[in-house]
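Chemist: Turn these sequences into a full structure, and let the hints steer you where they fit.
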Amino acid sequence: MEKLFIYNTASRKKEEFIAQVENHAGMYVCGPTVYGDAHLGHSRPAITFDLLFRYLTYIGYKVRYVRNITDVGHLENDADEGEDKIGKKARIAQLEPMEVVQYYTNRYRENMRQLNVLPPSIEPQASGHIIEQQAMVDQILKTGFAYEVNGSVYFDVEKYNTKYHYGKLSGRVLEDLYSTTRELDGQSEKKNSFDFALWKKANPEHIMQWPSKWSEGFPGWHLECSVMSTKYLGEVFDIHGGGLDLMFPHHECEIAQSVAANGHESVKYWMHNNMITINGQKMGKSLGNFITLDELFSGSHQLLEKTYHPMTIRFFILQAHYRNPLDFSNEALQAAEKGLDRLFNALKTLHKISENGTSSAFDIKKWRDKCFDAINDDLNTPILIAHLFDAVKFINSVAAGSAQITGDDLILLRKLMNDIIFSILGLKNTSENTALDEKFDDVVSLLLEIRQEAKKDKNWSLADKIRDELLERGIVIKDTKDGYEWSFK
RNA sequence: GGUCGGUUAGCCGAGUGGUUAGGCAACGGUCUGCAAAACCGUCUACAGCGGUUCGAAUCCGCUACCGACCUCCA
Numbered sequence: 000m001e002k003l004f005i006y007n008t009a010s011r012k013k014e015e016f017i018a019q020v021e022n023h024a025g026m027y028v029c030g031p032t033v034y035g036d037a038h039l040g041h042s043r044p045a046i047t048f049d050l051l052f053r054y055l056t057y058i059g060y061k062v063r064y065v066r067n068i069t070d071v072g073h074l075e076n077d078a079d080e081g082e083d084k085i086g087k088k089a090r091i092a093q094l095e096p097m098e099v100v101q102y103y104t105n106r107y108r109e110n111m112r113q114l115n116v117l118p119p120s121i122e123p124q125a126s127g128h129i130i131e132q133q134a135m136v137d138q139i140l141k142t143g144f145a146y147e148v149n150g151s152v153y154f155d156v157e158k159y160n161t162k163y164h165y166g167k168l169s170g171r172v173l174e175d176l177y178s179t180t181r182e183l184d185g186q187s188e189k190k191n192s193f194d195f196a197l198w199k200k201a202n203p204e205h206i207m208q209w210p211s212k213w214s215e216g217f218p219g220w221h222l223e224c225s226v227m228s229t230k231y232l233g234e235v236f237d238i239h240g241g242g243l244d245l246m247f248p249h250h251e252c253e254i255a256q257s258v259a260a261n262g263h264e265s266v267k268y269w270m271h272n273n274m275i276t277i278n279g280q281k282m283g284k285s286l287g288n289f290i291t292l293d294e295l296f297s298g299s300h301q302l303l304e305k306t307y308h309p310m311t312i313r314f315f316i317l318q319a320h321y322r323n324p325l326d327f328s329n330e331a332l333q334a335a336e337k338g339l340d341r342l343f344n345a346l347k348t349l350h351k352i353s354e355n356g357t358s359s360a361f362d363i364k365k366w367r368d369k370c371f372d373a374i375n376d377d378l379n380t381p382i383l384i385a386h387l388f389d390a391v392k393f394i395n396s397v398a399a400g401s402a403q404i405t406g407d408d409l410i411l412l413r414k415l416m417n418d419i420i421f422s423i424l425g426l427k428n429t430s431e432n433t434a435l436d437e438k439f440d441d442v443v444s445l446l447l448e449i450r451q452e453a454k455k456d457k458n459w460s461l462a463d464k465i466r467d468e469l470l471e472r473g474i475v476i477k478d479t480k481d482g483y484e485w486s487f488k
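Be aware that the first sequence starts at 0, since it is given in numbering that gives the first Met the number 0, and climbs by one per residue.
For the record, the hints were derived by calculation from the structure and aren't laboratory data. Incorrect hints may appear among the rest.
Using 27 angstroms as the maximum straight-line C-alpha spacing, the simulated BS3-like pairs for lysine-lysine come out as follows [claimed, not checked]:
#, residue 1, residue 2
1, K455, K477
2, K480, K427
3, K369, K392
4, K477, K347
5, K464, K305
6, K480, K438
7, K364, K351
8, K427, K337
9, K457, K477
If you anchor each label on the Cβ, the simulated ranges turn out as follows [unchecked claim]:
#, residue 1, residue 2, range
10, G356, G298, 42 to 52 angstroms
11, A385, T405, 18 to 28 angstroms
12, N288, Y57, 29 to 39 angstroms
Note that CB positions come from ideal geometry on N, CA and C, so glycine has one too.
Modeler: So, in structure tokens, the structure goes:
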């Protein structure tokens, strides 16, 4: 099996991935809070961990991938005084909270499908695990790291920190938090402002609440991940992923909860993807500077110069390393689009060319090792893609007759290119047609056949007319050596 | 203010103590009725100032600038 090294946020080092259970890998990734459409930022963790999911599977692990849907307990603004995000949306839209949840969950899944992100093995919802969350609150109360006030239960960070280190993941020291954590307006029920809710008593008008021994209420946001990861992956599991912005306080709180409840940590490898920025600033819902995925795919945002195919987005994201920030721009996206086209054209060429020599001008086995070294090095897809373009150049040279390839090498190169591009990187051909498109393709092809005949008769005015008129309707004609190609503008 | 990270050619974006990352754009060429596309070739940068070293863009220090987290966030 390939030796995979991944950067563990907990140790700030690249570590060899060694599974808890041989040949099995467990992954938990923080999914979306379903109160709005997914934006470009959401695509990064989805694609990053989809890549990991695919790669672990590819190299032979049986992977259980859990990605949650947050549908309750996630508060707006201040951690304790804010309104539940789903509840707020439901109130404004005059819908049942679960209608909001269902609507945005469906849309999220559709966007993920478009990005060719595989569905996780399990996609649990917080609202479906209220009982388990209550059990964990109980457990933490029992071990003494939580306290109850007026029907709400809070995690006692200060007490926890006397025995363990609260802040170890994000490198925070509790003493600093005293001065940097914002004080709440009015009197808080909490002993300290950095304590966080495990169970919140709901106001009577709160539309999402469940009975419990403490109060009619709802679980705290951080709890769901601790509970659902444990339930489906065990008390100790391999990988926990999520956006860098969740490291503190969300993941820190998860660690504290697990340790308080079970006496030990659950996660072996913490992985965090970096942010997507726009004009150098983080793209986020609360900042109002985000572009939704639907807007990207349809070009309907004022910042967009054109529509972008979901695969362009995927390739754009894979061309940067997941731990570095990635800045959005039309120019960068269009560069990715053209590069991806070039890659797929070469792939098409690769299946057309045939053996043309007794030795190859390109050491395929060495190239293979370089590709896997790249991805094994903390999923370094930019390097991997750079290697793919080395192969592209070679393939084109073979097609042009200026390089040789043996039959065995051709078979090997085809397999490797397919494996890397489709199975591992999860890219899809952008010109894949549906049944409806085939009819359309037929009609356009008919016009282009007529144009070919006109060209043969040197009837340039008719040939140009067809080309120009189609262009006016958004269809671009490209003549090739042995025919033509067309695409939408 | 605290903590952490970053500053790479026109743009995006990797990486390494000494040898061309890659993509896009640009330029030159091949092909072509024209155009586009495609293909081939060219383009050698690492914020500033010190230090370590035979050698640093790569390690260390300082300065400047940028960002993330510290409140919900992918």
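Chemist: Now tell me if each hint is right for this structure.
Modeler: Hint-by-hint comparison with the structure:
At roughly 16 angstroms between alpha-carbon atoms, K455 and K477 fall within 27 angstroms of each other, so this suggested pair holds. Restraint check for K480 and K427: the C-alpha separation of about 25 angstroms stays at or below 27 angstroms, so the hint holds. Between K369 and K392 the CA atoms are separated by roughly 16 angstroms; this keeps the pair inside 27 angstroms, and the hint holds. Under the criterion of a C-alpha separation no larger than 27 angstroms, the hint pairing K477 with K347 is consistent with the structure, at around 16 angstroms.
Between K464 and K305 the alpha-carbon distance is near 26 angstroms, which keeps this suggested pair within the 27 angstroms criterion. This hinted pair checks out: K480 and K438 have alpha carbons roughly 25 angstroms apart, not beyond 27 angstroms. For the suggested pair K364 and K351, the alpha carbons sit about 21 angstroms apart, so the restraint of at most 27 angstroms is met. Only pairs whose Cα atoms come within 27 angstroms are accepted, and K427 paired with K337 is accepted, the gap being roughly 15 angstroms.
A distance of roughly 18 angstroms separates the Cα atoms of K457 and K477; the hinted pair therefore holds under the 27 angstroms criterion. For G356 and G298, the Cβ-Cβ distance of about 46 angstroms falls inside the hinted range of 42 to 52 angstroms, so the restraint holds. Look at A385 against T405: about 25 angstroms separates their beta carbons, and that is inside 18 to 28 angstroms. Between N288 and Y57, the C-beta spacing of about 36 angstroms keeps the proposed range 29 to 39 angstroms intact.
Checked against the numbered hints given earlier, the structure satisfies every one of them.
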